[in-house]
Amino acid sequence: MNMKVNFAGVEFNNPITTASGTFGSGMEYADIVDLSRLGAVTTKGVANIPWPGNPTPRIAETYGGMINSIGLQNPGIDVFIKRDIPYLKECGTKIIANVCGKSTEDYCETVEKLSETDVDMLEINISCPNVREGGIAFGQNPKAVESITSDIKKRSKKPVIMKLTPNVTDITEMARAAENGGADAISLINTITGMKIDINRRTFALANKTGGLSGPAIHPVAVRMVYQAANSVNIPILGMGGVVTYEDAIELMMAGATMVAVGTANFNNPNATIEIIDGIADYMKRTGINDISEIIGCVK
Amino acid sequence: MNKKRYQIISKEIIANDIVSMWINAPDIADKSAAGQFVSVYCDDKSALLPRPISICDTDGKGGLRLVFKIVGKGTKELSDKNAGDGVDILGPLGNGFGEAFDKIKDMDHPDIAFVGGGVGIPPMLISSKSIKGQKNIILGYRDVTFMNEDFSEYGNVFISTEDGSAGVKGNVIDCITKNNLSPDVILACGPLPMLKGIKKYSEENNITAFVSLEEKMACGIGACLACVCKSNETDSHSMVKNKRICKDGPVFDVKEVDFT
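Taken in order, these protein sequences are the chains called Z and C.
Going by this note's numbering, the first sequence opens with residue 1, and the numbers climb by one from there.
Going by this note's numbering, the second sequence opens with residue 1001, and the numbers climb by one from there.
By construction, these hints were calculated from the structure, which means they are not laboratory data.
Source: prediction; values computed, not measured.
Just so you know, even glycine gets a beta-carbon here, dropped at the ideal spot from N, CA and C.
Some hints could be false.
[Unchecked claim] Which chain C residues stay away from chain Z? Per the calculated CB distances, all over 12 Å, these:
1) GLU1012
2) ASP1017
3) ILE1018
4) PHE1146
5) ASN1148
6) ASN1156
7) ASN1180
8) LEU1181
9) ASP1235
10) ARG1244
11) CYS1246
12) LYS1247
13) GLU1256
[Unchecked claim] No farther apart than 16 Å at their CA atoms in a straight line, the calculated lysine to aspartate or glutamate pairs in the EDC-like style are these:
14) LYS1003/C - ASP34/Z
15) LYS1003/C - ASP31/Z
16) LYS153/Z - ASP120/Z
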């Protein structure tokens, strides 16, 4: 039985990674999760310089999900390279480094520095709904998606995954724009912009007013968008959005994802990634699947 | 460490919406230190995030006591459970009053004040129990008192209520001044206005104070960066001035915390 996947030329032991921002740099979970068992750790978004993030409250629970507006707090690329990459390498896990920025130049500076490290792939966040500049500003306009993808590709020595936002009318347009810009892969979906009002305090639950909705509440949206994207481009997909169980992960793979990221579920169950990997293995045994790649995009 | 299911030993409603629960959780209880907390998970999977609840007490026999207020659907679900029921918990988590205790041990017979306000009172029980010395315990309530008798074996208990129905009418600072207490060090947990008051009082009187903070949390283990507080010094995680309440705290030297 083979759970290995080849994703844009990189081989992973299994298709499960973590969704950026929910798993820190892996270190924080190491007391609970054997990081070497993950297909990869996708790290918290890192920028060219440290970012302080947004004011608190930064999160609020919603029915079957949560909204967050962390604002991409991060220590900057230099600390990340010195502290987090060596740690993860020591743990024997593959690394997908998530990159954020406010301008094309910011992204490219970080990408160039990461190109000289041991990370396996880069995931470029052009879809964060919680920062005013950069982030989603790039991700909602196909011309901007294509242009930033192509600029990053010129400067990157690592395979590049462009992370797309679901806050668009036509996801296939953005997926094609990333492909046209030369992306090696795409990942989707980032969070869906939401809002929660505290009716007792008559104010917004989050200091930033809006935040990104994640968790099982958004899973069907993720399945639909992964399916649509998979049927419009030829580059592979890292699917994510409300994956809680192995069934959810398999669903995204059948919709067309080669790899799957687990995010908000880590908060409900810190061991969710490992249980999902074991669940997929059981499912393969039970249903006679010899190679996990048999199910990728099998539902047409 | 991992989230595990533990059995509830007993449950008691000790005041309006305040629940006291003993849980058989030896692997958590044996490692728990004053000021740490646990993440309690809901069985209702529409409520995804763990509820951070401070550790109130341990009994040395594997028992873990949590005292919490019913504030939403997570704490309501927990409060509806009874002896024999299971509950999913991860812990102990966070950085408690250890640094405060180290400072106290370096001082010459200090007058220690343990200050708890409202639902910030429970963690002061294990805290006041965990160190020897001259101890005054100041408990502030809105109206109905609870747990005050539990504290009597660990120090002199002083009470304040906002409505004046018991003890000093006013807040915990009023209680300290009206009882002519002059603490050398304060350990406190309570609502934000109270902690701001403690910061002001400690600065005016040039005394050491440690406070336990609260914020909405998602992971509870330092990964998601939801529960940060502004700090005066650069934090070790993100190299900005945002300490993680769940991991660097919840207890901080009040001098480190920027409440602005």
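- Query: Checking the smallest CB distance to chain Z, is LYS1247/C really beyond 12 Å?
  - Reply: violated (7 Å)
- Message: Checking one constraint from the list: CA of LYS1003/C to CA of ASP31/Z, max 16 Å. Satisfied?
- Response: Holds - the C-alpha atoms of ASP31/Z and LYS1003/C are around 11 Å apart, at most 16 Å.
- Task: Report holds if the minimum CB distance from ILE1018/C to chain Z is greater than 12 Å, and violated otherwise.
- Result: holds (19 Å)
- Below or equal to 16 Å on CA atoms is what counts here, so check LYS153/Z against ASP120/Z. holds (15 Å)
- Beyond 12 Å from every chain Z Cβ - status for ARG1244/C: violated (9 Å)
- Query: Closest CB-CB distance from ASN1148/C to chain Z, is it above 12 Å?
  - Reply: Consistent with the label, ASN1148/C stays out of reach of chain Z, its closest Cβ about 28 Å off (over 12 Å).
- Query: Does the claim that ASN1156/C lies off the interface hold, with its Cβ farther than 12 Å from every Cβ of chain Z?
  - Reply: At about 36 Å from chain Z, ASN1156/C clears the 12 Å cut-off, so the statement holds.
- Query: Just checking, ASN1180/C versus chain Z, shortest CB gap more than 12 Å?
  - Reply: holds (37 Å)
- Task: Report holds if the minimum CB distance from PHE1146/C to chain Z is greater than 12 Å, and violated otherwise.
- Result: holds (23 Å)
- Would the least Cβ to Cβ distance between CYS1246/C and chain Z come out above 12 Å? Label violated. Min Cβ-Cβ 10 Å, cutoff 12 Å.
- Query: Against chain Z, does GLU1256/C keep a CB gap of more than 12 Å to every residue?
  - Reply: holds (16 Å)
- Query: Is the Cβ of ASP1017/C more than 12 Å away from each Cβ in chain Z?
  - Reply: ASP1017/C clear of chain Z: closest Cβ-Cβ about 14 Å, beyond 12 Å.
Hint compliance for this structure: hints 9, 10, 11, 12 are broken, all remaining hints hold.
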